[in-house]
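Participant: If you want the building blocks of each chain, they are given just below.
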Amino acid sequence: MSQELLLLVILTIPLVAALASFTFRLRRPLEFIQVAATAGILLVASLLIKEVLVAGPVSALGGNLYLDELSFIVLMIIGGLGFILGVYSIGYLGYDINKGEIKPSDLGLYYGLYHLFLFTMLLTVLSNNVFIMWAAVEATTLASAFLVGFYRHRSSAEGAWKYVLICSAGIAFALFGTVLIFANAYQLIGQVHEAVLWTEVLKVAGELDPVALKIAFVFILIGFGTKTGLMPMHTWLPDAHSEAPSPASALLSGVLLNCGLLLVIRYYALTGQAIGFDFPRTLLLFLGLASVVIAAFFILVQKDLKRMLAYSSIENMGIIAFGLGIGGPAGIMAALIHTVNHSATKALMFGAAGNIVHKFGTRNTDKIKGVLKIAPVTGVLLIAGALSLGGSPPFAIFVSEFLTVAAALKEGYLVVTIIFLAALAVVFGAMLNFIVKSVFGAPLEGKEKGDLNLLMLAPLVALLIIVLTLGIGIPEFLNQLLERSVEIILGG
Amino acid sequence: MTATAIVNSLAVLLILTSLLVVESRRLKVSAYFYSLQSLVLISIFLSLAVINEAEQLYLWSITSLITKVFLVPFILLRAVKATGIVEEEPPLVGTTWSVILAALMVGLAFILVQPFHMLAVLDYKTALAVSLAHFLLGLHCMITRINALKQLLGFCLMENGSHLTLAIMAYNVPELAEIGILTDAVFAVLIMSLIAVKLYKAFGTMDASQLKMLKG
Numbered sequence: 001m002s003q004e005l006l007l008l009v010i011l012t013i014p015l016v017a018a019l020a021s022f023t024f025r026l027r028r029p030l031e032f033i034q035v036a037a038t039a040g041i042l043l044v045a046s047l048l049i050k051e052v053l054v055a056g057p058v059s060a061l062g063g064n065l066y067l068d069e070l071s072f073i074v075l076m077i078i079g080g081l082g083f084i085l086g087v088y089s090i091g092y093l094g095y096d097i098n099k100g101e102i103k104p105s106d107l108g109l110y111y112g113l114y115h116l117f118l119f120t121m122l123l124t125v126l127s128n129n130v131f132i133m134w135a136a137v138e139a140t141t142l143a144s145a146f147l148v149g150f151y152r153h154r155s156s157a158e159g160a161w162k163y164v165l166i167c168s169a170g171i172a173f174a175l176f177g178t179v180l181i182f183a184n185a186y187q188l189i190g191q192v193h194e195a196v197l198w199t200e201v202l203k204v205a206g207e208l209d210p211v212a213l214k215i216a217f218v219f220i221l222i223g224f225g226t227k228t229g230l231m232p233m234h235t236w237l238p239d240a241h242s243e244a245p246s247p248a249s250a251l252l253s254g255v256l257l258n259c260g261l262l263l264v265i266r267y268y269a270l271t272g273q274a275i276g277f278d279f280p281r282t283l284l285l286f287l288g289l290a291s292v293v294i295a296a297f298f299i300l301v302q303k304d305l306k307r308m309l310a311y312s313s314i315e316n317m318g319i320i321a322f323g324l325g326i327g328g329p330a331g332i333m334a335a336l337i338h339t340v341n342h343s344a345t346k347a348l349m350f351g352a353a354g355n356i357v358h359k360f361g362t363r364n365t366d367k368i369k370g371v372l373k374i375a376p377v378t379g380v381l382l383i384a385g386a387l388s389l390g391g392s393p394p395f396a397i398f399v400s401e402f403l404t405v406a407a408a409l410k411e412g413y414l415v416v417t418i419i420f421l422a423a424l425a426v427v428f429g430a431m432l433n434f435i436v437k438s439v440f441g442a443p444l445e446g447k448e449k450g451d452l453n454l455l456m457l458a459p460l461v462a463l464l465i466i467v468l469t470l471g472i473g474i475p476e477f478l479n480q481l482l483e484r485s486v487e488i489i490l491g492g
Numbered sequence: 001m002t003a004t005a006i007v008n009s010l011a012v013l014l015i016l017t018s019l020l021v022v023e024s025r026r027l028k029v030s031a032y033f034y035s036l037q038s039l040v041l042i043s044i045f046l047s048l049a050v051i052n053e054a055e056q057l058y059l060w061s062i063t064s065l066i067t068k069v070f071l072v073p074f075i076l077l078r079a080v081k082a083t084g085i086v087e088e089e090p091p092l093v094g095t096t097w098s099v100i101l102a103a104l105m106v107g108l109a110f111i112l113v114q115p116f117h118m119l120a121v122l123d124y125k126t127a128l129a130v131s132l133a134h135f136l137l138g139l140h141c142m143i144t145r146i147n148a149l150k151q152l153l154g155f156c157l158m159e160n161g162s163h164l165t166l167a168i169m170a171y172n173v174p175e176l177a178e179i180g181i182l183t184d185a186v187f188a189v190l191i192m193s194l195i196a197v198k199l200y201k202a203f204g205t206m207d208a209s210q211l212k213m214l215k216g
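Line order of the protein sequences matches chains A and B. With the first letter of the first sequence counted as 1, position 380 gets the number 380 in our numbering; the numbers rise by one all the way through. With the first letter of the second sequence counted as 1, position 190 gets the number 190 in our numbering; the numbers rise by one all the way through.
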């Protein structure tokens, strides 16, 4: 199959699957479509990696679709986690049906939205047209809003409302920035169809109006930064990510945030190559550090397990922004590795938290005791995930946090690094506290022993293996992607 | 009157109609004012189309007429009907302060566009300032109003502001992008109004300040 066709196929699969899921109402066919479609996306993504690694960027539809090494990293995350969490969803929703939390007739809606959500994220990542990029991010909000409000709880409606309102308002800022950049590029390029393409704008970066570019970057950072969950635009995130069904929470935290982030990085590269990296770096360093420090304290005091994980996502997005703020090849490399590591770890943790929700019927960490005795596999998964989030070796996040700190020290950021490390220590303490209090210890009485079913364990074990592998070393293909991505961002 | 003067005075009319949207207490009236304001917006699109000989703006005007003048107000009125709430809850700031704040935002917008020196905007600095002001007014409506539908109207105002910027600075964007942006706009309003109705059913109120289940 030709490369261009592969790009179209990967977008078509979830779209067709969404339509089919909204149409069919029977459980088994829906589950079959769920597995087949998510596996299909993963398969096409793996076919594309060969192309990208060997022949470089792939484009289609007159350059409107574009896949380079940088976007491939996020595509890989969408494909991998989309499949793993797709399988996990089947087990998770099966439990929901057994408990009477949802009706079997709700399944079509969930799976349909799941595919639609994947489609909008793929479109975000694959579009090279700055307006389609923008529209696709807004579409991710719209597609996932009903996933957030999926349960018929009052709190779910509240979470969905705050999510869609704040993210849409935020994204409106990004449109302003996008228009500014397009108008500016159009004057230089003179061709409409080229001036909308990020890759073409990047070629004339040096000639863009510096003042307009600075204003545009601020607007874009507010817009896509809202979607990424950076302080102070993060307020929707804990509400939305805690209210969604757990596999959807995992998708929101582990995958969606990276889509917003990728666009921030695209404009970071553009602005940096146009007027120097000092300006975007300063902004990201500040937002990143603020996100890490403030989120760390919310993680420490949080009693709701899923909200704790949501704040941890803000913290981790902060770490990535901090890495970009440090800048240079080392800082950017650390930020990109952290993106992958956080995604795998956070999907693992939200999945394990989903198992807890079904086993214990609560998210309150005061009422979750003795997980290891009641559900041993889930307990082990929780320990590993929490240790990784806390930044402990031999798990993935330790590696990228270490690289981030090393890059910061190398660049001479002594004071901010100390603040950064102090915040990471708080998170480590919070995670240790969670493990000691909830995972170990004697179970509360009346809890039936026994782990969850295979469909809810196997996908998480796969994630644990990924988290461990990334903790030991970065695979060669990923290393290649990362090195090329750093070149794309820094130019040259 | 020169061509740019027409555009600029229409732009001022836009600010007035958006103040009416923000300040009307009755939700239905607000929705009607939004429809009226969209008509003003479209007349700006048409003037720009004639002046700049920008044919794309005719298409933009027709789609805006369908979506902004009819479809979006229709969706909003449906939501008002579904909840039966006639009047919004008292906003966080009274009318006087609200208008003062709005005036400050308009001023801020005019200051912000001053450093722009791109060719495309030189003629329409006033209109550009208005589009930014409009955007900020929407934000103001979203933050200071506590009724969920009124917040949604605030979002619609922000959107009209952005679309005016688009028409001034980027009317020649390819159709594909135009379709994407307009589709998003309609779906955003549709989905938000559905969730707002869901919210009403769950909480028995449209008062977003009562949404306190999720904290910390």
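Keep in mind that the hints were calculated from the coordinates and are not lab data. The model shown is predicted, which means the values in this text are computed figures rather than measured ones. Don't take each hint at face value.
Rough simulated footprint, nothing fancy, chain B against chain A, three-plus residues with beta-carbon under 8 Å [unchecked claim]:
# : segment
1 : 118–132
2 : 159–168
3 : 383–391
4 : 470–478
Just so you know, even glycine gets a beta-carbon here, dropped at the ideal spot from N, CA and C.
Participant: Each hint needs a verdict: does it hold in this structure or not?
Facilitator: Now the hints, each set against the structure:
1. 118–132: holds (count 3)
2. 159–168: holds (count 7)
3. 383–391: It is violated: at least three residues are needed, and the segment 383–391 of chain A offers just 0 whose Cβ sits closer than 8 Å to chain B.
4. 470–478: violated (count 0)
Consistency with the previously given hints fails for numbers 3, 4, ordered from lowest to highest.
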